[in-house]
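Q: Chain by chain, the residues:
Protein chains: 4
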Amino acid sequence: MKRIAVFTSGGDSPGMNACIRAVVRTAIFKGIEVYAIHRGYEGMIDGDIKRMQSHSVSNIVQRGGTKLKSARSQEFRTPEGRKKAYDNLMLHGIEGLVAIGGDGTFTGAKLFYEEFGIPTVGCPGTIDNDLYGTDYTIGFDTAVNTALEAIDKIRDTAAAHDRIFFIEVMGRDAGFIAVESAIGGGAEFVMVPETKTDLDAVVKSLKHLRKSKTSSIIVVAEGDDAGNAQTVMEIVKDKLQDSTKDFKVTTLGHIQRGGSPTARDRVLASRCGMAAVEGLLEGYQFHMAGVINQEVVYTPFADCIGKSKPLIQDHLKLVEILSI
Amino acid sequence: MKRIAVFTSGGDSPGMNACIRAVVRTAIFKGIEVYAIHRGYEGMIDGDIKRMQSHSVSNIVQRGGTKLKSARSQEFRTPEGRKKAYDNLMLHGIEGLVAIGGDGTFTGAKLFYEEFGIPTVGCPGTIDNDLYGTDYTIGFDTAVNTALEAIDKIRDTAAAHDRIFFIEVMGRDAGFIAVESAIGGGAEFVMVPETKTDLDAVVKSLKHLRKSKTSSIIVVAEGDDAGNAQTVMEIVKDKLQDSTKDFKVTTLGHIQRGGSPTARDRVLASRCGMAAVEGLLEGYQFHMAGVINQEVVYTPFADCIGKSKPLIQDHLKLVEILSI
Amino acid sequence: MKRIAVFTSGGDSPGMNACIRAVVRTAIFKGIEVYAIHRGYEGMIDGDIKRMQSHSVSNIVQRGGTKLKSARSQEFRTPEGRKKAYDNLMLHGIEGLVAIGGDGTFTGAKLFYEEFGIPTVGCPGTIDNDLYGTDYTIGFDTAVNTALEAIDKIRDTAAAHDRIFFIEVMGRDAGFIAVESAIGGGAEFVMVPETKTDLDAVVKSLKHLRKSKTSSIIVVAEGDDAGNAQTVMEIVKDKLQDSTKDFKVTTLGHIQRGGSPTARDRVLASRCGMAAVEGLLEGYQFHMAGVINQEVVYTPFADCIGKSKPLIQDHLKLVEILSI
Amino acid sequence: MKRIAVFTSGGDSPGMNACIRAVVRTAIFKGIEVYAIHRGYEGMIDGDIKRMQSHSVSNIVQRGGTKLKSARSQEFRTPEGRKKAYDNLMLHGIEGLVAIGGDGTFTGAKLFYEEFGIPTVGCPGTIDNDLYGTDYTIGFDTAVNTALEAIDKIRDTAAAHDRIFFIEVMGRDAGFIAVESAIGGGAEFVMVPETKTDLDAVVKSLKHLRKSKTSSIIVVAEGDDAGNAQTVMEIVKDKLQDSTKDFKVTTLGHIQRGGSPTARDRVLASRCGMAAVEGLLEGYQFHMAGVINQEVVYTPFADCIGKSKPLIQDHLKLVEILSI
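Those protein sequence lines, which keep their order, are chains A, B, C and D. Count the first sequence with UniProt numbering and you get residues 1 to 324, in order. Count the second sequence with UniProt numbering and you get residues 1 to 324, in order. Count the third sequence with UniProt numbering and you get residues 1 to 324, in order. Count the fourth sequence with UniProt numbering and you get residues 1 to 324, in order.
So here's chain A without its partners, still in its complex pose:
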């Protein structure tokens, strides 16, 4: 393999730049030419492809977002779109790809490999941590810390006013951000998509806690089965009937996607980026490079997409015990 390309796709996550940097420099270190594709599959179709040098990725390891931009491509979902993309890669002599993204990115990469045989190794770039094949995804640690800093700030004002705060964090299908920010933030409750939320039990506990605590924080994953934070707040408020309390909702939103990546995310991103290039050279063709138990592991895209990754049971137990 003499020439590869790297791109980011889907929702951006902090650490993507560190990962791009690692891919580019590892490739150059190993004597391979490396190109960047801008705006993910969209740029592949448009031929937005440029040669990268070592200095092209200087001073980006600490930056949020993605220097290569990201996009969701409708056209790549069509056979015509993918053919165009393939032709552009051929035009530049690209023999292998590194795809940084999540579920959707790998679904596209898998299909593309099956149709055109372009070897692709993926790096797990998503804040949600919901990818099988890696202990953590790139961007997750930063997102949790961002959520946690927000919770810390909100606790200041919650405590000053005896309030019950419902804080909505990202996580449409997965509660990882919610659970870790709830433990770290000392939240009284956490509501996640993976478990059935029992609002009556929450109300009962709140009544009980009321004697010992004047303010409470409840972390709600956006995809919880009981509804989003606003919905949950209204139900709880209605059931609790406590006029001495203020009920407030804060939806953290897109701040969770940005920001300078944490150490953990930079190290993970760098390691996955290096492993992706090494993986291509070793012959992996439709795999994601993740880190499990401190070791690099290559997992077929089919498993990354198809298998689910459970929450850590101890973590759910912790929220319950520590809120007493």
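None of these hints come from the bench; they were simulated from the model. Among the hints, erroneous ones may be present.
Put simply, identical chains are the same to the list, so a pair is met inside one copy or across any two.
[Claimed, not checked] Calculated cross-link-like contacts (lysine-lysine; reagent style BS3-like; alpha-carbon spacing at most 27 Å):
#1 K110 with K213
#2 K67 with K50
#3 K30 with K2
#4 K245 with K83
Chain A is fixed; fit chains B, C and D onto it per the hints.
A: Relative to chain A, chains B, C and D alone:
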């Protein structure tokens, strides 16, 4: 004057603890006994009043929220409530008050002074910066920096995806947070209550900017005349008719009230706290201690409440010029 | 077991408070009485022991340092000291201990168990990450992020001035902080105690890099075999003989021990704290509760102290590759 | 005036990029061509001069350091050097300059104007705040906050161990950073170049404080008359003779120069940058654009360099009172 009390009231703001600390230690330094009233006027009515020592305020200078808690008191609005409060102060021999808060706090203090003659000096504790009689209020600088950090994070993801973000910051009647965070955040537009918002002009500019910029950030004060961020986004989206752009809204909410205070807020809070005690000793009775042009200034509550504080004209000009 | 006590000992680390909180609340949750010993073994000897309630550990999960204070005790190294400590524990009816600390703490706990048979479960509280029996120690992640933020700041000024910076981070015997902050910080070199440092090779590389880079960052663990940052700088400066460059040294020092713990440290600390109490109840008597491969693992103190924990080989490779 | 150039010179400071951005965009907004000179006077001599567009300064408002790099030029101190610089400016048709820097920068600019008549308006870019003609300098607020965050972290570990910490902050001739970080950090003492340091008084106070406080923080400006932090620590340790205390020194160093600028610095930098361009157009030729009492003020370089700027007296009083 031999014995004074300090309390925080209204919405909490970062730096209130630094201010409490300064009041307590300045009083002790000057040989005066100092008490803390918990939960503002509510605690005054309930007699929730405790003696403070120097170590009572150790290790709080860096903390958000307020150690003394805050509340909005309905009962203090009644003559009966105020009479109870007065009786409690007399019971403890309190001869003067330091009130840390905003508009509502000082309105109460003014009335209380007129009825019972208890001298009160106020400290400007509110994140909104909308108090006449001080260049900045305690908590404003922290709130702006919190908003700015959020905008920085959002720009990462906005730039990665070619998005138009509408970010709502606090400010029901005043645009100070909006304007300074817009300048600092490199926002394309800012919408504030003090000026008439012309959405057609914004749409026209966005069309123009579109050629040079792929993403834009628009900061909206919650009290803007055109509506909140969600409303404004919907109108702009409808008028702009650009299907290549994503339109997103983020409402920063209560994170702006919390967090460890910035240096500027700690220094301002400390200075106002010291000045409040000195002011009581010098005979001020219904004044706020603020800092104007680097000097301590005592302004009658009537002016603090009644006079308006304009935005800095240069700041509005900056947003316009710097967004090109 | 009906009554246990918890203490922190040795160098403090961020997350110790989160760990104390978890120990206290898990104990109470399980119906056990829990006491706090202040100032580690010193306080055990002095009888500085107090009953804890759930609210005793409110609002500390986010705080650096340790609420229970820490100390290094000379007296505990004597049989007389340990006897006094034992007598005090008996006086309070303490049947089991949770010891939060590092090497020295566990050495003491092991001896104490052997002499008096008091069951003790440890939690790995040290920023250095040099404890066998856990993937990470409590405080390590925060320390790395603190070092990284410092490196990010220094890179700004290094880049502005074409400078070579030698940044000394903590790590007397272990290079974990150095390696992860070097990867994350995009450093050109890292020098750690675990590997022989070849300054001639560094000088040669710097000469080579000079063509492509105008500024460089070199991370030096305080215990590197080539000397501390100041020493290393002087040798490199002397060998390099490049008058166009400024050579600067920054020693990060004690800021690495403080600060609000990161999400990772709070979650790890909470989990170890819970596991320590559960471990005591399950009959562990001279073990540390750590987390390996996402699972709680109990390791005998003898192994924690005696076995060494190697750096991750991929990490050293990353620094080399990514600095090109 | 049709064409101007901007450069940064001397020690870099956070906010310089925001200032460059404001200069470039204000110029373009007003229909003036704008060039950037790299590496200060050094680049002027080398002819390192490039045309700037609006997008040249995109996405830099939040970045520390200076995109244009900075340098200290020996050659510019010679008449030959300055002649070369002048010739290069003529070659590009530059009719006016914006110089972002401190004392040394303005000394050069003044001389250059006197010799060649090139109008120059300066912006106060230095972390030290020691420039007459502006309430604050660009970078000062960020530096103070960086120092403060470090002090907050150190207090965590100081409190955990009953230690006396001597923290050295920047400030060779001025104590602004020291004083504001000492107030904000709740330090027990501050030592600054502007006032005579009496170590015997410090020792006496420490003995007195010992009864009420177990740990102390002493902030030392690097240019204090009693010596740097290490020297002062050794003297105090020797005089105090208290073996129950640990004495520690931390020198914050270059982290104080870097980092993303605070809101205050970004706003000030933006305003000064705009004012510098407007000043050139209004005919100012050897002036610095600063902000005093919230208004833009143009001060002759001679005064900026020659007149001294005193510390705020209340601030020194605050450190004394608040440390009780």
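Q: Should K245 paired with K83 be assigned to within, between, both, or neither, using CA atoms and 27 Å as the limit?
A: Only across copies: K245 and K83 sit 26 Å apart there, 60 Å inside one copy, limit 27 Å.
Q: For K110 and K213, with the copy left unspecified, which applies at a CA distance of at most 27 Å: within, between, both, or neither?
A: Neither, since 51 Å and 34 Å both go past 27 Å.
Q: Measure nothing new, just compare the shortest in-copy and cross-copy C-alpha distances for K30 and K2 to 27 Å and report within, between, both or neither.
A: within (10 Å within a copy, 51 Å between copies)
Q: Evaluate K67 and K50 at a C-alpha cut-off of 27 Å and name the case that applies: within, between, both or neither.
A: This pair counts as both: shortest intra-copy Cα distance 13 Å, inter-copy 24 Å.
Against the hints set out earlier in the document, a violation occurs for number 1 only.
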